[in-house]
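> Protein chains in written order, with my numbering: chain A, 5 to 402; chain B, 5 to 402; chain C, 711 to 1086; chain D, 711 to 1086.
Derived from the structure by calculation, the hints contain no laboratory data. Note that the structure is a prediction, hence the values are computed from the model and not measured. Hints are supplied without guarantee of correctness; some may be wrong.
[As the list claims (entries may be wrong)] Think about it this way: if two alpha-carbon atoms lie no more than 27 Å apart in a straight line, the pair counts; the simulated DSSO-like pairs of lysine-lysine are:
| no. | chain 1 | residue 1 | chain 2 | residue 2 |
| --- | --- | --- | --- | --- |
| 1 | A | Lys312 | A | Lys397 |
| 2 | A | Lys145 | A | Lys242 |
| 3 | A | Lys312 | D | Lys723 |
| 4 | A | Lys145 | C | Lys970 |
| 5 | C | Lys981 | B | Lys242 |
| 6 | A | Lys184 | D | Lys981 |
| 7 | B | Lys44 | B | Lys114 |
| 8 | D | Lys981 | B | Lys184 |
| 9 | B | Lys184 | C | Lys981 |
| 10 | D | Lys981 | A | Lys242 |
| 11 | A | Lys397 | C | Lys970 |
| 12 | D | Lys970 | C | Lys981 |
| 13 | A | Lys242 | A | Lys114 |
| 14 | C | Lys970 | B | Lys397 |
| 15 | A | Lys312 | A | Lys242 |
| 16 | A | Lys145 | A | Lys184 |
| 17 | B | Lys277 | A | Lys277 |
| 18 | A | Lys397 | D | Lys970 |
| 19 | D | Lys970 | B | Lys184 |
[Claimed, not checked] Sample of chain A residues at the chain B side, in silico, Cβ under 10 Å:
| no. | residue |
| --- | --- |
| 20 | Asn282 |
| 21 | Pro283 |
| 22 | His284 |
| 23 | Ala286 |
| 24 | Ala287 |
Positions of the beta carbon are idealized from the N, C-alpha and C atoms, including for glycine.
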Amino acid sequence: MDLSYTAEQEAFRAEVRSFLANNLPKRLSEKVRLGKRLTKSEMEEWHALLNAQGWLAPNWPAAYGGAEWDAVQRQIFEEEACLAYAPRVVPFGLMMLAPVLLAFGSEEQKRHYLPRILSGEDWWCQGYSEPGAGSDLASLKTRAVREGDHYVVNGQKTWTTLGQHANWIFCLVRTGTEGKPQEGISFLLIDMATPGVTVRPITLIDGEAEVNEVFFDNVRVPVANLVGEENKGWTYAKYLLTHERTNIAGVGFSNAALATLKQVAASTMSGGKPLAQNPHFAARMAQVEIDLMAMRTTNLRVVSAAAKGQAPGAESSMLKIKGTQIRQELTSLLRRATGPDAMPFLPDYLEGGDNQTLDLPEHAPAAAPSYFNMRKLSIFGGSNEIQRGIITKAILEL
Amino acid sequence: MDLSYTAEQEAFRAEVRSFLANNLPKRLSEKVRLGKRLTKSEMEEWHALLNAQGWLAPNWPAAYGGAEWDAVQRQIFEEEACLAYAPRVVPFGLMMLAPVLLAFGSEEQKRHYLPRILSGEDWWCQGYSEPGAGSDLASLKTRAVREGDHYVVNGQKTWTTLGQHANWIFCLVRTGTEGKPQEGISFLLIDMATPGVTVRPITLIDGEAEVNEVFFDNVRVPVANLVGEENKGWTYAKYLLTHERTNIAGVGFSNAALATLKQVAASTMSGGKPLAQNPHFAARMAQVEIDLMAMRTTNLRVVSAAAKGQAPGAESSMLKIKGTQIRQELTSLLRRATGPDAMPFLPDYLEGGDNQTLDLPEHAPAAAPSYFNMRKLSIFGGSNEIQRGIITKAILEL
Amino acid sequence: MDFTPTEDRAMLKDMLRRVLTENTDHEKRRALLASGAPFDAALWAQLAELGILGALFPEDQGGFGGAGFDIALVFEELGRAGGIEPVLSSAILGGGLVAQLGRADQQALVAEVIAGETRLAFAHAEPGTRYDLADVSLALGPDMTLSGTKTHVLGGAEAQMLVVSVRESGAAGDTDGLSLILVPTDAPGLTVTRHVTVDGFSAATVTFDSVAVDEEARLGTAGTAYDVIEEVFARATLAVSAEALGAMESAKEMTITYLKERQQFGRAIGKFQALQHRMADVLIEVEQARSAVVNLAGHLDAPRALRERHVSATKNLIGRVGALVAEEAVQLHGGIGMTDEYALSHFVRRIVMIDHLFGDVDHHLERFIQLGLEAA
Amino acid sequence: MDFTPTEDRAMLKDMLRRVLTENTDHEKRRALLASGAPFDAALWAQLAELGILGALFPEDQGGFGGAGFDIALVFEELGRAGGIEPVLSSAILGGGLVAQLGRADQQALVAEVIAGETRLAFAHAEPGTRYDLADVSLALGPDMTLSGTKTHVLGGAEAQMLVVSVRESGAAGDTDGLSLILVPTDAPGLTVTRHVTVDGFSAATVTFDSVAVDEEARLGTAGTAYDVIEEVFARATLAVSAEALGAMESAKEMTITYLKERQQFGRAIGKFQALQHRMADVLIEVEQARSAVVNLAGHLDAPRALRERHVSATKNLIGRVGALVAEEAVQLHGGIGMTDEYALSHFVRRIVMIDHLFGDVDHHLERFIQLGLEAA
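The task is simple: from the sequences and hints, build the whole structure.
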């Protein structure tokens, strides 16, 4: 047992910190810190900066341009990047498609697609969920029917995050109807410029159009775009769920959110003294900080076991649930700390406008929208109810 | 809408208050206030005092010696009795058996048993639960086989509260095995002096032997002791659950527990000032007080609807759950208010010994045992999980 | 002890529900907001015509109600329908202050408010103030001009006249020294900047640049406005608590319906016991919220200490239950509950943001404790 | 960053678990308590012989461990087995104080403690004191006699020697002016009155009636004991936190087993989703409790501010999670979970009552906030 980092790990942390200090544009980190929304080009800018440093793909093999960091290094990078308010790296190509291609794709697919992910030439989005399916992912209905050298795809995907920026989508589609619902699913790569693909943004409860519906109307996809074998797509999708869910606890985000919250509580006056000294608010803040201190260690225990080759299975469900609870509590506290100033809705400011005429504290406009947005954490990516089901089966064996 | 009581109701409250002031022995109320355990004769003493006043059976018809109070009067009595720290009336004969006899018993049964309940000649206990059944009450196995003019009863009941003091037990027994489990159950009255009846006390987690196992080994029960029809016992048992669960919210108990808690918090010093001024403790105490203020009204809304003849159905499940949560939180807070002084276990004091050599505050010895004892509230009498199931079916219709 | 509404109130409630059901829905509200309109002017006129605004004032102020249970009734229905009309700002706040304090000639405004012809708003909060009612700095000196800023003025951009709280003596936080002044929104030097709130209401920032007022514009006696402000905020707290209750009822009903209809893993999700039990808890807490509203409605005319005890108890409970109901409603819906185009989003935003009006759960918990210590 | 126990610790843990499994169970413990015995003397001897007490002291104090992770290991296993032997009182508290402060001749006591031959206890709390470590009044004046009362002395009736905290200057609550004195339990004028605690441990009230002590009996320098008391209480807090964790593991495992075995409504109750989801939450929180214990164990030798931050964070979290685990374990068991004869009762009582040792959730939440403000 040893809670300290090795000298190499500390050196790595210093290197990350220095890179962030020298390369992360203040323009971007200020937007992140204030909960503002980044434009496509701003996200691309950070992507390119990390790519130039060779840090864009922490878990890819070096042969494909990956950094080959171990789990602890990835954790360190995540912590430092979050504390510096770096933008999050758009994960769909880097963290979700790439591992599947590396494990199950053809050599040609790897050589074609992976470099284009790094270069930013391709922006991928994810086509898993469907309106009728929800947590019951395997009940998906989007059909791909083989016609010669093409699949003809018809159907609809939804909750496609940042799909409005993407030029490619990886999809789970139904290619077979026999056996269990899981058995007839294939993993297909679709160029969104293909005729018949339509993207419709969905405005969420916080007023932002972050997710989309994607419609497929007789979309012809070359058979070469199939990953692995036909009807084996469910296996590839599940591979992701059990092997690549690093940072599911969101410790880095929570660290940064706690830092922001503390600063707001210290600078917000309530009843003649800083809110941080109000015993009721301080109690709530202390409780979530204590929970986070423990979860950091829970996360490191899982990460460190993973670094030893023990694949985290249902443990990541535990991290997801607790991590969600902490992140949601932190945004809830920030909303409440903001008091009446959380009421105005200023979409222009959130979309990047430099100032707002109402003379609110800088964090105020995003406080309520962030709270509402973060409700998604316990729903998307396998709802917390689904995670409790996984724990029930895998750990409790009930 | 009117939150005030009528003049008659206020007069009734004054009458109750005056009766309590003049008739409730301080010896008993002090034991109740301090969470001490009453002896059989002390319980009988209070029973007799109420009987002399004609207030023992609030919901019986006057013809049988009942007070015929309406629901609001019963609520008023309950509140006043609890605030005066009156012993609770042992409910098994008065509140549980009697309504069943009144609704389904023969005239002979009513004339024989009801006066003996009032006089205290018979002390009834309840034989519903069985070790294998728990919340699944209908799966009971105790069998009654007809042999001539008798039923021969074999089996075991458990969680029989105060069974050690009782001379009679009303039982649900299995007389038929066909159809649904609910269909072959009968309601039988058994004299505990009959050969073959054995009572074994069960010590609970708080160290008190308040409940018992009751064993039946070829116990011969006259057929005349059957209530209503054979195999219809489930109907009679359910009648109780939906029609006679007055005071299930335990508002009176909670009022008294809150009063005690406030007094303890005001007199306990913590960090140089009364615990009541510690913001964290005060916050917990205020929150449960606010919940209780609302529940008093929730309870009155149900009670007042019942007084208008609308039978409370699943509403009583809601009152049971919320009432339990509040009562458990109050005992939890009292335990915590007591601090280190909650640690010693002093059974002699709790059983009635006048003093304890440790020089603890008077409320200290019962603080932890009461907390542990009160865990039963959410288990016995239909667990809170069962109540949520009732709400699901009856109100949510899911 | 009687929890049945009077016949008059039952009729008013039925009528109001019918009017709101016929005239509001989520699509219409979204279109309205997208158009930049602050509320539905036709509905507003209809509410006034049907006497809904009059129901919020007692007879001696020209209305036909005004009791706690009247306010609760109207706002529960507004909350249930998701109305964004300026009833709170014009009738409860602005109208309430004028009705309480206005001279005979000023009372004419109340009649106009009840008729829906004039809208009032109460300009009270200032930049950086929070939930302390006495935290007012905007100074009214002997020169009788106002310079400064009022924020979060509900309905401020749609009002013809503002009630403005000003300080004539003492320092921010003092209960003494507060006065109320009537200022028309077209007064020279007065600028109203409108914004929309997170929950779709219309609010404004009002700046005063040497705005001249005169003694005639005063509501009540100089320096003594605090008690009436507190009383009107008690009424406003009841109003938004009842509104939150109505919105919770809608969120609850939508969720129950969804649990019955939505199929997953081959059955209605309402068949999953874990969700059933959580819904049962939501149901219980909504009943508690209803009781809290009843408690405050029933004590609105009680002596100050008892009234304010219920103000803080009710607002604290509404805030806690509101967060639970809003968050569980979204969670039990899943993705669809996160979308703006689904009506739940409006109810959820309103329920949550009501915690930011007139003091949140922490503010009122602390206040409840303080009132208890003062009483002891 | 390594969460694997060292090989030595893994072996010690295995051995300890085996010994405890073979020698303790609920029936035996109930019989022991019914007989009036304070603990299992044979098991106590065996623990000493196997070096369990030695594992709690570092090498320079005659042991072979003494680090945070050693304490955590030993107490987690004691908690898991439900041991009631006086390891905490004699080795961590009494022994820890003597080992830290004792002169060379006094250190011999530590060897006796490690051998299990002598038992020590720490007489610190006084009537009406709560969780403030400096709240000591028992005065030691120039006449070198003690008169007064110490309460809640864990293992006091089974100790041969007491470490007694006394005040030589200042007032109750001052951190300066505290001293520690070694007093044999057979000293003239000293009376030990034993009682059992709610969770089955043995404790005592100790009264001093002009008990004479001399300078030789002093542990360390006069008036400076506070820092060491705080440090030893940090170790004791880790010990009971780890013990609570072990008891939670047992309660959790019993509950999972029960969910699988208990049939109701025709199936194992573990098939009911509402119970599954609650059990999943219990599981998550027990992992959080484990992390909290790891955090404190890993910072036991950190600078004071950092160490105490973890003391309060860990004890607060253990108290919160402990209440959840204890209450859910009873509830998910139903009636059987309420009975004394079922082993769960012991674990539940111990988990809950540990919140009353060395500061409860509220005390440590407040302290965590205070430490944070001091650091800022």
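> Hint by hint, say whether it matches the structure.
Status of the hints after comparison with the structure:
no.	hint	in the structure
1	A:Lys312 / A:Lys397	24 Å, holds
2	A:Lys145 / A:Lys242	18 Å, holds
3	A:Lys312 / D:Lys723	22 Å, holds
4	A:Lys145 / C:Lys970	22 Å, holds
5	C:Lys981 / B:Lys242	24 Å, holds
6	A:Lys184 / D:Lys981	22 Å, holds
7	B:Lys44 / B:Lys114	25 Å, holds
8	D:Lys981 / B:Lys184	22 Å, holds
9	B:Lys184 / C:Lys981	22 Å, holds
10	D:Lys981 / A:Lys242	24 Å, holds
11	A:Lys397 / C:Lys970	26 Å, holds
12	D:Lys970 / C:Lys981	22 Å, holds
13	A:Lys242 / A:Lys114	20 Å, holds
14	C:Lys970 / B:Lys397	12 Å, holds
15	A:Lys312 / A:Lys242	22 Å, holds
16	A:Lys145 / A:Lys184	13 Å, holds
17	B:Lys277 / A:Lys277	22 Å, holds
18	A:Lys397 / D:Lys970	12 Å, holds
19	D:Lys970 / B:Lys184	25 Å, holds
20	Asn282	9 Å, holds
21	Pro283	3 Å, holds
22	His284	6 Å, holds
23	Ala286	9 Å, holds
24	Ala287	6 Å, holds
Checked against the numbered hints above, the structure breaks none of them.
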